[in-house]
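So the chains spell out like this:
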Amino acid sequence: MKIEFDVVVIGAGPSGLSAAYVLAKKGLKVAVIEKGEYPGSKSVMGGVLYMNPLKELIPNVVQLLKESKAVERNVIEQNMWLVNENSVLKIGHRNQKWKEKPNAFTVLRANFDRWFAKQVEAAGALVIPKTKVEDFIKNGDGKIVGVKTTRPEGDVYCKAVVVSEGVNPLLTMKAGLRKKDIGAKDVAIAVKEIVDVPEAVVNNLFKVEGDFGATIEILGSWSEGMVGIGFLYANRDSISIGCGVLIEDLRRKKVKPYELLENMKNHPAIADLLGDYRNTTKEYLAHLIPEGGYYAMPKVYGDRILVCGDAAMLVNSVHREGSNHAITSGRLAGETLLEAFEKGDFSEKTLKSYYDRLNDSFIIKDLYKYKDLTGTIEKNRHFIEIYPDMLNNAATKFLDVDGTPKGEEQLEILKMIRENRSLGGLTLDALKLWNSVR
Amino acid sequence: MMENKRIFVLVEVVNDQPHPVSWELIGKAREIASKLEGSEVWGIVLGKDRDQICNEAIYRGANKVLYVKGEDLNDYINYKYRKAIVEMVRKYKPWAFLVGATLEGRELAGTIATELKTGLTADCTGLDIIPDKELLEMTRPTFGGNLMATIMCPEHLPQMATIRPGVMREMPPDKSRTGEIIVEDYTLPSLEPLIEVLERTPVTSKVNLQYAPVVVSGGKGVGGPEGFKQLRELANLLGGEIGASRAAVKQGWISDEYQVGQTGKTIHPVIYIACGISGAIQHLVGMKESNIIIAINTDENAPIFGISDIGIVGDLNKVVPALTQKLKALLSKPKAG
Amino acid sequence: MNVVICIKQIPDTTNVRIDRKTNNLVREGVPSIINADDLRALELGAKFKEEFGAKIYVITMGPPQAKEALKDAIAFGLDEAILISDRVFAGSDTLATTYVLSQSIKKIEEETGHVDLVLTGKQAADGDTGQVGPGIATRLNFALGAYIMKLDEIDLKNQVISAIRRLDRGFEKVKIKMPALLTIMSDINEPRYPDLPNLIHSIKYEPRVWNYKDIDADSKKCGFFGSPTQVVRANIPPARKGGDIVSKNDDPNIAADKLIEALKKFKNARLIETLRPLIEGDL
Ligand SMILES: Cc1cc2nc3c(=O)[nH]c(=O)nc-3n(C[C@H](O)[C@H](O)[C@H](O)COP(=O)(O)OP(=O)(O)OC[C@H]3O[C@@H](n4cnc5c(N)ncnc54)[C@H](O)[C@@H]3O)c2cc1C
Ligand SMILES: Cc1cc2nc3c(=O)[nH]c(=O)nc-3n(C[C@H](O)[C@H](O)[C@H](O)COP(=O)(O)OP(=O)(O)OC[C@H]3O[C@@H](n4cnc5c(N)ncnc54)[C@H](O)[C@@H]3O)c2cc1C
Ligand SMILES: Nc1ncnc2c1ncn2[C@@H]1O[C@H](COP(=O)(O)O)[C@@H](O)[C@H]1O
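Chains as they are written, first to last, in the numbering used here: chain A, -13 to 424; chain B, 17 to 353; chain C, 16 to 298.
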């Protein structure tokens, strides 16, 4: 029995599911092949999911999500903590508007991906779990005509393939779209724990109520000078706590990722906030994030094949916007293929329009804008090492009542700042910094 | 209810020998009877030429023995035993019925309880009386030992339980104990033969991990396939089997049939000897329910010592052969003081 | 030949965690799997289908999500799966469970004319009772072949099964009359990795669902009210504590002596026949 579909999607992450959704909605025969036990079973995400890209895919998604258990809390407040050894400077933004019009939700991927997969199935696609794609099937001309899976009698034939395999681009390489594997400097490793915290306590800690939630990003001394960002996200009755750092940094400093996370958890500011809940870990996850951005992108199209999501390196540097880029790129891949099916032409020439779409969308603009960011941060380690420290010192000086007359104190701060950078530059830097990590 | 509360204990006979669990259960039943006014312990013996065993049941603490004497009942065949025992239960109306949780015992108890439409608590590790209720309180592990469930059977008699061998305390035999032996001459009605035993073979199979009373297990510390030979020697001496950690299996020193743990076998032998095994959680889930855990490891901080009953810090390559030699010498000596 | 296989969906017990604070079993996020012995029964069913063209039915009594287990079972290439599900079944102990399952098997018998063989696992890894198989056999008055670890032959003409079963005392080579119920040990085979066409079929497959009326069950015999046993309470056992380190870097002979001395204090060691002289001699 020959198994045939119009399109095979490799990987049931946000990008693959988005592509499948678009195609199935229009009545194409789509199979999404996922190696995990179920969609999301192995995936890790810090846990903030922006609504915009999803709305473009499923217009009433916010309503649907609210009725489901797929998301945790509606984020109405975002915080940035700059920490040094024993103090913390907190910057926060709370927005009433987000209560009515949710901007982002905290999510646990195992729940969200499964929910998303259900929508995709309802749209008519077939999600095949526990099955790994090993290679492509090519015809005499070397054109891709299907995929080989690990199952007996596991060949699946199709007219086009969407590769949405995530950060480890084995099939992208097999398709010849990426020449060499991603390097250590292009990937960050993120470790994350989910700690059990009763709902009422989460509300209390994050000063929120009901379904509302908040996030905290943490920068500074905990990362020991490495390029990294820590985070705390409020889930319904748990908290996601984690951090991401460049692998190269870890190697250089010979630190293990979980040691770093312990380090962060034991920073006085976090210890104070979480108390014993730091040790109620119920899940521990580690995962790679492609950070290479613009320069690390593979060729994302070819004859009968498109690449999207993390596999295409569509993630912002040290950034938590991966899934939204994944969703948008998946949607664009789907739309490109719809056009190809109308034309009946799946050649590289037709599929190139996927790249143009990416270019027109915010994704590549974004990537391009930040293309040097990891580099920038690396070159200007003051982002990580000096600023948090300096700002905290400034705050201490300002607020400590140590008998020094006020005038002198302020002079001292000014002096301190002037010695390092201009005041304006400092404020701007702080915002830039925040912008670059959120 | 003023009539006597009878606690039946099945005396399991294997190759004409009583199974030790039977005495453990009689011991336990005596303890329960002492808390329950007007109760007595009955040993149930099936077969022929079982007078010796009937006597021993009394020495071991049974108040009475019900000797169901019949040609057909010498060998355990489920449908025959079921038939005879159900009739006896209907006739003597016991208050409780305890059976050893051997494979045979569990099969038998399951069929009897179903026929009697009463409750059965399987594989118990604890038995007591719920004081003001005069009911049996039966405790058993579930979820692979992660949870202990306490169960009662309030409205049906007899309250039935199978009890794991090795957890209850037997009473030393005392020939001065006396008790009545009630002989029931029993002829099995003609039944359709549902199952026929063609051949019985004692256990000698290749890998016997799950039923071995002793498992001598080796890990990465064993150092190579050669090292398992000394473990095998100790295991053979004790009538046990060898086991292994995944690390040893992954090295190719031993086949994966021997692996104990999350992705291997879950076992609870009477004695588990962990040699050169660090005690990773994935290993522990497979053996932590063993009765007695002995660990031999060079690293005194190895986590295995956190759950072992007897810990030896030392090189297994030296300790294991020494232990084997000592035991050999001790066990071959005639039983003296 | 018509075969019914009873399977149970259980939480993966190797993944069950305990919340030491609340002393609760954390089942959330714990994947559900088909009981390991039952997978072997399914594999056996698949082989019967290939060998004899047997028709294989899979049933499970459980909540709606147990459908997933049935779909996984269908991926073995089996014919039909039925979920036996009803609120009145909730809280069933083994007696009530065997009642519901045997009623369901009778219903299949009605539909198909005859059931020749019922397979169950030896034991479910969550409850660990091993009673359901023997109980169903008793209720259906089928021959019971418990603890089957090898099947030698199925003689359809004479309606006998030759098999080897495992007991504590050793192995029994037996002939079992059909109709029979066999409980399957996990050593019997290795479950297959279903092929893709069967997997796809199973994803699309919708099991039938029967409630208590469908199987002509008396609701008083089901669920909590039909269960003679009641769980009074459930406790998390205290974590096993380590005992003494009896010897630290001693001469091996001394270490061995200390080990044996320590062992003598454990009365349970007398369960080991070879050690009995040693232990009793010192009692
Ligand atoms: C710790 C961490 C925190 C993050 N935080 C955020 C955040 O807060 N917000 C945000 O938007 N993004 C975040 N991201 C990024 C986000 O998780 C990813 O960008 C997003 O999941 C990418 O989606 P994807 O579909 O491309 O890949 P994935 O989600 O990785 O999906 C790929 C799928 O393909 C499957 N697969 C791979 N190979 C095969 C094969 N050969 N055959 C079959 N199946 C295969 C995999 O099992 C997987 O399910 C975070 C990432 C990490 C690691
Ligand atoms: C999903 C998963 C499933 C797993 N399933 C299993 C499983 O089923 N079973 C299993 O066992 N593991 C399993 N593991 C692996 C497990 O995590 C450990 O890696 C493994 O148990 C370690 O084996 P070990 O103790 O033999 O080796 P190590 O951890 O390397 O320990 C060797 C020990 O030997 C000691 N030693 C060294 N030399 C000597 C000597 N001469 N004398 C005495 N002691 C010595 C050392 O001090 C050390 O403590 C699994 C892991 C994962 C991730
Ligand atoms: N709810 C159930 N539905 C179907 N089969 C079951 C159920 N419970 C137990 N079984 C079967 O009975 C076997 C033994 O289970 P247990 O007696 O609970 O240890 C299992 O391996 C299954 O084959």
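Errors might be hidden in some of the hints.
Cut-off 27 Å, straight-line C-alpha distance, at most; resulting in silico cross-link-like pairs (DSS-like, lysine-lysine) [claimed, not checked]:
#1 C:K82 / B:K191
#2 B:K245 / A:K242
#3 A:K118 / C:K82
#4 B:K191 / A:K242
#5 A:K(-12) / C:K282
#6 A:K268 / A:K145
#7 A:K21 / A:K165
Chain B residues, not near chain C, derived (Cβ > 12 Å throughout) [what the hints assert, rightly or not]:
#8 E53
#9 Y92
#10 K133
#11 Q175
#12 K266
#13 P285
#14 K304
#15 E305
Hints in this document: simulated from the structure, not taken from any laboratory.
We put the beta carbon where it would ideally sit given N, CA and C, even for glycine.
Hint-by-hint comparison with the structure:
no.: 1; hint: C:K82 / B:K191; verdict: violated (60 Å)
no.: 2; hint: B:K245 / A:K242; verdict: violated (39 Å)
no.: 3; hint: A:K118 / C:K82; verdict: holds (24 Å)
no.: 4; hint: B:K191 / A:K242; verdict: violated (68 Å)
no.: 5; hint: A:K(-12) / C:K282; verdict: violated (65 Å)
no.: 6; hint: A:K268 / A:K145; verdict: violated (43 Å)
no.: 7; hint: A:K21 / A:K165; verdict: holds (24 Å)
no.: 8; hint: E53; verdict: holds (22 Å)
no.: 9; hint: Y92; verdict: violated (8 Å)
no.: 10; hint: K133; verdict: violated (7 Å)
no.: 11; hint: Q175; verdict: violated (9 Å)
no.: 12; hint: K266; verdict: holds (18 Å)
no.: 13; hint: P285; verdict: violated (9 Å)
no.: 14; hint: K304; verdict: violated (6 Å)
no.: 15; hint: E305; verdict: violated (9 Å)
In the structure shown, a violation is registered for the earlier hints numbered 1, 2, 4, 5, 6, 9, 10, 11, 13, 14, 15, in ascending order.
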